[in-house]
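Engineer: Construct all of the structure, not just a fragment, from the sequences and the given hints.
Chains as they are written, first to last, in this note's numbering: chain A, 1 to 391; chain B, 1 to 312; chain C, 1 to 234; chain D, 1 to 309; chain E, 1 to 238.
Source of the hints: derived by calculation from the structure; they are not laboratory data. There could be a bad hint or two in this list.
Unchecked claim - Computed footprint of chain A on chain D, listed as stretches where at least three residues anywhere in the stretch have a Cβ under 8 Å from a Cβ of chain A:
no.	region
1	24-37
2	126-138
3	149-162
4	231-241
5	280-287
Claimed, not checked - Just a few of them, taken from the derived set where beta-carbon distance is under 7 Å, the chain C residues facing chain D:
no.	residue
6	69
7	70
8	73
9	74
10	79
11	85
12	87
13	89
14	98
15	99
16	101
17	102
18	103
Just so it is clear, CB atoms sit at the ideal spot from N, CA and C, and this is done for glycine as well.
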Amino acid sequence: ATPIKIGAVVPLGDITGDQSAKAMKLAIDEINAAGGLLGRPLELIVVDSELKPEKGAAAIEKLATVDKVDFFVGGMASSVHLAQIPVMKRYQKITIWSGAASYLCENAVGPDADWYFHLHPWDYQQGASYGLGWTELAEAYPDIEIEKIFLAYEEGGFGSASHESYLVLQSQANQGEGAWAAVMGDYMGVSFKSAALGGGDYRAMLQQAKAYDPDLFVWAGYDADALPMLQQAKEIGFAPKFFVGAPPGWPAHFGDSPLAEAVTLYGMWAPTINKVSPTAEHFWNAYIEKYNEEPATYFAPLGYTNIYFLAEGIKAAGTLDKAELIKALEEVEYASPIGEVLKMSPSNVIKHQGFTGQKILQWQGGEQQVIWPLNLKTAEPIYPFPSWEGR
Amino acid sequence: MKITKSLVIIILLIAAALLPVVTEAYFISVAITILTFMTLSISWDMMLRTGQLSFGTAGFFGLGGYTGIIAVADFGVDPLVGIILGGLLAGGVSLLLGMAILRLRGLYFAITTMALASVFMVVIRNLNKLTGGPSGKIVYTTLFNYDSVKVYWLMLGITVGTIVVSEVFQRTRVHFAIDSIRADETVAKSHGVNIYKYLIFVFVVTSIIQGVIGSTYALQYGFVYPESSFSAHYLLLPIAMALVGGIYSTIGPVLGAIILGLSSEYLKLIMPYGHLIFYGVIIVVVVLFLPNGVYGAIKDVTGFRKRRLEER
Amino acid sequence: MLEVKNLFVSYGRIQVITDFSFNVGAEAVGLFGPNGAGKTTLINSIIGLVKPRSGEILFEGESLLPYETHSIVRKGISVVPQDGELFPIMTVLENLKIGASYIKEARDKVNERLEFVFGIFPVLKERAYQLAGTMSGGQQRMLAVGRSLMAVPRLLILDEPSVGLQPTLVTELFEKLSMIKSEGVSMILSEQNVRQGLKVIDRGYVIENGTLAIESTADDLMHNEHVKRSYLGL
Amino acid sequence: MESISFLRKHRNLFLLIAVIIVVAIWKPHAAIYGLQRGSLYSLVGLPLSLTLGVVGIMNLAHGDFLSLGIYFVYLFATNLGMDPLVSIIPVFFLLFGLGVVIYKLTITRVMKSGHLNQLLLTFGISMIVLEAMNLIWTSRPRSVYVEYSSSSTTIAGVRFGTYELLYVVFAFAVLIALQLFLKKTRLGQATFAVGQNPQGAKIVGINTGFVYLFVFGISIAILGIAAGVMVPRFAIFPSVGSAFTMKSFCLVAMAGLGNLPGILVSGIVLGVGEAIVQSIPGYAGWSDIVFFGVLIAVIMIRSLRRQSL
Amino acid sequence: MSILKLDKVTKRFGGLVAVDNVSMEIQQGEILGLIGPNGAGKTTLTNLISGVHMVSEGKIIFDGIDITFLPAHKRCNLGIARTFQIARPLKNLTVVENIMVGGLFGNGEKLKESKKSALRLCETIGLEEPDQTLDKITVLDIKKIEIARAMATKPKILFLDEVMSGLNMDETREMIDTVRKIRGTGVTICIIEHVMSVIREITERVIVLDRGTILAEGPYSEVSQQHNVITAYLGEDA
Ligand SMILES: Nc1ncnc2c1ncn2[C@@H]1O[C@H](COP(=O)(O)OP(=O)(O)OP(=O)(O)O)[C@@H](O)[C@H]1O
Ligand SMILES: Nc1ncnc2c1ncn2[C@@H]1O[C@H](COP(=O)(O)OP(=O)(O)OP(=O)(O)O)[C@@H](O)[C@H]1O
Ligand SMILES: CC(C)C[C@H](N)C(=O)O
Ligand SMILES: [Mg+2]
Ligand SMILES: [Mg+2]
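Structural biologist: And the structure:
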């Protein structure tokens with residue numbers, strides 16, 4: 001039988017794209033081993049976006065016209081995705097996208113694109129979900145007190161978007177509305193230059209944070225910022241009650257560093273979710289067996305989810321007919337290795353948004369433990385952040 | 001000789017214009033990208049012919065892109081008008097800046113142009129209201145509504161225009177002015193060449209080209225984003241293309257853009273991982289074995305053959 | 001001392017030196033010829049800046065062909081290149097010293113040699129701290145000659161040393177060259193100022209179109225009709 | 001008389017010290033952080049000033065060799081448990097060897113064909129090195145933890161990090177070593193000569209091939225020193241050094257070709273400038289403007305001064 | 001009638017006074033010799049007049065116009081041309097193209113005209129292969145290019161800075177003929193040379209410069225007898 005072709009565009013040079021492509025391949029192999037879909041095997045065609053917009057757009061064109069794929073999947077950076085959206089709109093193939101957080105992408109896609117399914121939470125959704133998380137944590141643990149929020153954001157697109165959504169959330173909170181109403185009494189945002197972009201000196205920013213003395217110190221940057229920032233925080237003696245990082249991935253062996261203990265993080269997934277989710281555990285083991293390396297970023301389970309979500313839809317629809325498949329995908333409930341059940345719902349603009357929030361995790365004993373959502377909790381939070389003495 | 005030459009050119013032009021009829025959208029989008037870099041590469045080379053190494057290509061490219069997007073998004077102009085505005089703004093800015101920095105030479109000029117490009121980016125990133133700041137800006141009316149065939153024809157037109165300008169520069173007094181400036185400014189000015197005027201002229205013309213290309217690129221996809229609109233690869237790749245093809249000529253950058261543009265795309269398809277290594281290897285090999293670039297090598301060989309024939 | 005045998009040199013496919021042989025003993029030898037005859041090319045072949053196509057160049061019995069310029073120079077051959085080849089943003093003094101720095105025999109005679117050079121060209125002493133690139137044309141020529149003398153060579157090759165020197169200095173230079181020669185330094189002198197050149201040299205070669213036209217002693221050259229007409233302006 | 005000319009000769013240095021003192025009183029942290037980061041810029045910029053400024057080799061892969069050095073340090077630390085600062089010694093020699101090999105294989109063949117071909121060649125090399133690192137170690141950052149890297153001390157009520165003072169120490173040490181090499185050794189003098197006129201250098205008996213080889217090798221090797229001091233404080237990822245290429249070129253242009261002490265002065269000026277802007281709440285995003293603004297201003301002023309001569 | 005007038009011109013390089021308060025005039029149509037020891041300031045003077053350097057003090061009047069502050073290219077357009085002591089051929093252009101630069105920008109010619117006039121100049125001056133590139137050219141041809149390129153600007157006054165140094169007798173004679181031809185077209189010529197036979201033969205008047213000041217002035221036959229000129233410059237046996 002002719003295979004069902006799925007075209008993926010990811011940045012292969014980056015660990016996120018690399019691992020998400022591998023996880024997709026894993027899912028495809030599993031499904032094929034189980035007999036494929038509709039009696040047809042699945043075929044995955046991966047094209048590197050090189051993190052360049054025009055390359056990412058050309059990749060979509062290639063998948064559409066040369067490989068004649070049935071579906072588009074993949075994704076990571078918003079800038080690349082923005083260039084792909086007009087192309088995707090031309091082909092209007094069913095697209096399950098697991099990257100890009102910027103709300104601009106959502107605006108560019110527009111409300112009419114019923115073929116567009118987006119898995120990664122939008123930047124504003126992430127912001128809102130954290131508010132919910134902290135509120136629940138503050139309720140669950142009476143000694144946790146959250147009032148002053150300090151956001152350190154990298155000055156590029158990724159970090160600045162966070163800052164902007166925090167500003168919106170703050171103005172809502174001031175009026176007693178929104179997810180942060182209970183936990184954001186005051187807010188301050190300061191930018192820094194990420195080490196990934198040639199920066200790496202955070203001390204000016206940390207000095208301001210120290211002077212501000214926040215309850216919640218959050219930094220939105222890249223994995224390369226994680227350890228140097230902790231070192232410099234230690235150097236200036238800055239230990240906020242919560243030290244939270246929100247990079248898309250973490251450095252290798254981060255947990256081994258003595259500075260990592262009790263660092264909180266936002267993330268969609270952590271290896272410890274294996275303890276509470278069988279899919280996660282299965283994914284983890286299968287991935288390691290196949291590739292002889294551990295999934296290191298949530299883009300791995302997200303890529304895996306991407307394929308399975310589509311497969312579930314096809315299975316339910318029993319056809320590749322676009323309209324029926326869209327309907328089926330709207331109904332799919334997939335218990336993903338991310339730890340929660342994936343189900344589409346509308347977001348601000350688009351009809352089909354998948355995940356809406358991230359989790360709050362904490363590095364404890366070298367592992368990421370889930371501390372929120374409370375129902376997925378794998379450990380109790382360490383609070384407050386211990387002092388730097390003796391690390 | 002002349003007739004065959006113009007015939008070849010006409011055939012090539014027709015073939016280029018008909019490309020969309022015979023190929024897939026994918027090749028068209030690859031072709032658009034190649035043309036984009038080709039124009040950047042030619043424009044960089046045009047400046048180089050004056051002896052000035054410009055590192056500002058990406059800066060004017062990005063500036064043009066932002067102008068185009070802002071014109072369309074905030075002032076509601078047609079994208080085609082946006083493209084023209086992108087060129088004009090880049091030209092205007094380059095005129096003002098050129099008056100100051102074209103007194104610099106060599107590395108100092110190169111680094112200053114690069115610094116200016118970075119300044120453009122930082123300023124744009126911090127003017128949130130107008131430019132969307134760090135998270136970029138999108139428009140909903142893209143160029144020809146993302147009809148890539150039309151975009152291709154437009155790009156082809158711009159490229160042909162650039163080639164014509166470049167060739168005009170090579171065949172008129174401009175050629176003698178800038179080549180003498182490159183060789184020896186003291187001699188040039190002692191023989192009546194108004195160095196400053198010509199430097200500014202070429203700088204502005206090439207910046208306009210870069211601005212036009214930048215806004216075409218941005219309006220084609222309908223967005224600008226500081227990190228990608230000013231990305232160094234709009235500087236480094238055009239330079240590499242011109243050098244690989246052969247500098248101080250129009251055909252060199254053209255060849256270079258085609259060679260590097262196609263090989264990067266092809267390499268990527270045959271080897272998903274590590275294709276950039278081989279891309280680097282190609283570049284290294286070309287420099288080592290064809291120090292005058294591909295066109296230079298062709299010229300050497302045919303020139304050699306011609307001479308041999310004459311000797312017989 | 002130096003023996004050049006059947007030398008052929010070409011640039012690309014253009015033959016510049018054709019079957020040229022000559023030798024230098026403990027004497028000064030002149031090379032004369034019109035512009036483009038190949039004098040500079042010959043000199044550049046000897047010091048290894050140009051690789052000959054065939055032929056042999058022997059210095060004290062040893063072939064120079066396998067060596068690079070710097071090794072050849074260190075063997076005791078010093079050259080005044082036609083276009084000076086000075087270090088423009090070093091001072092005059094540094095330029096002179098560098099002439100001795102990389103040659104063992106010369107290194108510990110620097111001060112002595114400096115005095116010698118300053119004796120010939122006092123202006124170099126006056127301008128010891130001026131940058132070489134800002135010296136006048138003639139001053140730069142002096143510096144080039146001076147630098148070559150710093151090397152305490154056993155064979156001194158001068159490619160048109162007197163070009164652009166004021167008349168008094170030309171006379172003085174050739175007097176000094178005679179003196180240097182008498183101290184046992186061999187010399188190859190390429191000159192357009194043949195009249196002055198003939199005062200220094202013992203023998204001369206006239207090279208035209210890359211081949212040997214005349215070879216004879218200085219005295220004979222002086223009276224050679226061809227030389228008189230084309231080179232002496234008589 | 002002597003002392004006046006001494007003052008004049010080091011005018012820039014004294015000016016710099018004065019500026020730092022003023023800044024230190026006004027914003028002590030900005031002064032310290034700027035001094036530290038600026039010294040790091042200088043430490044990485046110095047070898048480029050040697051290759052580009054003194055002998056005229058254009059090397060666009062400068063920062064990628066730094067990254068490579070950083071990975072070497074990482075390997076020594078993780079496999080042999082070597083302290084990063086100690087591993088400077090083997091990495092120095094490793095990189096020297098690597099520089100020599102790369103020079104012999106490639107760069108020597110483009111020495112005659114000018115800066116632009118060197119630019120293209122090293123662009124290709126940079127791409128190869130960067131992608132090779134990416135393939136081997138992935139884009140995921142790594143790190144080497146040493147306890148002393150975040151030590152700090154308090155003087156006059158100002159608490160500041162002590163580790164990065166090593167940048168200052170090493171920058172000065174490398175500068176002094178290079179100056180001694182260039183001014184006091186015959187090879188160093190030869191380096192200047194080769195930079196000004198390679199043909200002339202041959203004629204006075206200088207082995208120009210060796211000079212190029214040595215200078216290129218040593219400049220890559222110095223990146224090993226920078227790598228060693230950086231590792232305890234930096235995340236290790238393939239493009240960690242890339243940003244330093246541009247910064248180093250900027251420093252060379254700001255200091256003026258061939259001016260090594262100028263690199264240190266420029267680096268520190270830019271570092272302090274950046275740090276001041278970063279310390280003003282709400283304006284951190286503009287710090288690059290200061291960097292480039294100062295750079296452009298200095299280049300322009302210098303060119304005007306040169307013209308009026 | 002004087003075509004060029006220098007009024008108390010001084011040029012300093014840092015502490016060094018290269019041209020010291022020089023006042024002089026060049027007459028329309030004459031061949032003037034400018035001689036003097038190495039470093040006397042001859043080339044510097046040429047640079048000041050042609051606008052390569054700007055005067056530190058003083059005034060330069062050309063053809064009734066004060067050109068002291070004019071940039072070089074404007075001076076060229078007014079009719080001042082010069083060659084360079086250390087010849088500076090434009091290596092990336094061919095022989096004829098080198099010469100065309102002069103016509104195009106110095107004389108405002110159109111492309112075709114300039115090519116024609118350049119070819120004519122090649123012929124006059126004896127450049128046999130106008131389409132040759134400059135990588136294998138002889139010293140003599142380079143000097144010829146220098147002159148032809150300057151001539152292409154259609155100057156009123158031409159400065160020749162040591163164009164005959166390094167030539168043999170045959171070549172020198174040929175060059176002298178060329179200079180005479182040029183002067184025959186009405187161009188004023190100022191020639192700098194250390195070869196006294198040339199100066200003796202073609203100049204009508206010489207100015208001797210020494211250490212930036214004028215040491216002597218007059219016909220060569222007279223000046224060459226002056227004691228101070230002999231000791232400073234000529235030497236006994238000239
Ligand atoms: N690099 C080169 N490439 C090609 N041809 C060259 C090169 N250098 C010199 N020639 C040619 O070789 C011939 C000999 O030149 P060379 O400089 O040796 O003559 P010369 O006798 O020293 O003349 P001059 O008196 O002008 O110094 C000339 O015809 C010249 O054009
Ligand atoms: N750019 C400069 N900087 C410093 N000094 C200079 C500069 N140019 C020339 N000089 C000095 O000015 C003086 C005059 O030089 P100039 O070149 O005019 O001499 P000249 O008369 O042409 O000599 P020659 O006969 O040797 O060519 C010389 O002492 C020279 O060293
Ligand atoms: C979390 C990631 C998806 C962030 C990505 N760089 C973006 O711009 O959206
Ligand atoms: Mg010669
Ligand atoms: Mg002179």
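Engineer: Now look at each hint and say whether the structure bears it out.
Structural biologist: Hint by hint, here is what the structure shows:
no.: 1; hint: 24-37; verdict: holds (count 4)
no.: 2; hint: 126-138; verdict: holds (count 3)
no.: 3; hint: 149-162; verdict: holds (count 7)
no.: 4; hint: 231-241; verdict: holds (count 6)
no.: 5; hint: 280-287; verdict: holds (count 5)
no.: 6; hint: 69; verdict: holds, 4 Å
no.: 7; hint: 70; verdict: holds, 5 Å
no.: 8; hint: 73; verdict: holds, 4 Å
no.: 9; hint: 74; verdict: holds, 5 Å
no.: 10; hint: 79; verdict: holds, 6 Å
no.: 11; hint: 85; verdict: holds, 4 Å
no.: 12; hint: 87; verdict: holds, 4 Å
no.: 13; hint: 89; verdict: holds, 6 Å
no.: 14; hint: 98; verdict: holds, 5 Å
no.: 15; hint: 99; verdict: holds, 5 Å
no.: 16; hint: 101; verdict: holds, 6 Å
no.: 17; hint: 102; verdict: holds, 4 Å
no.: 18; hint: 103; verdict: holds, 5 Å
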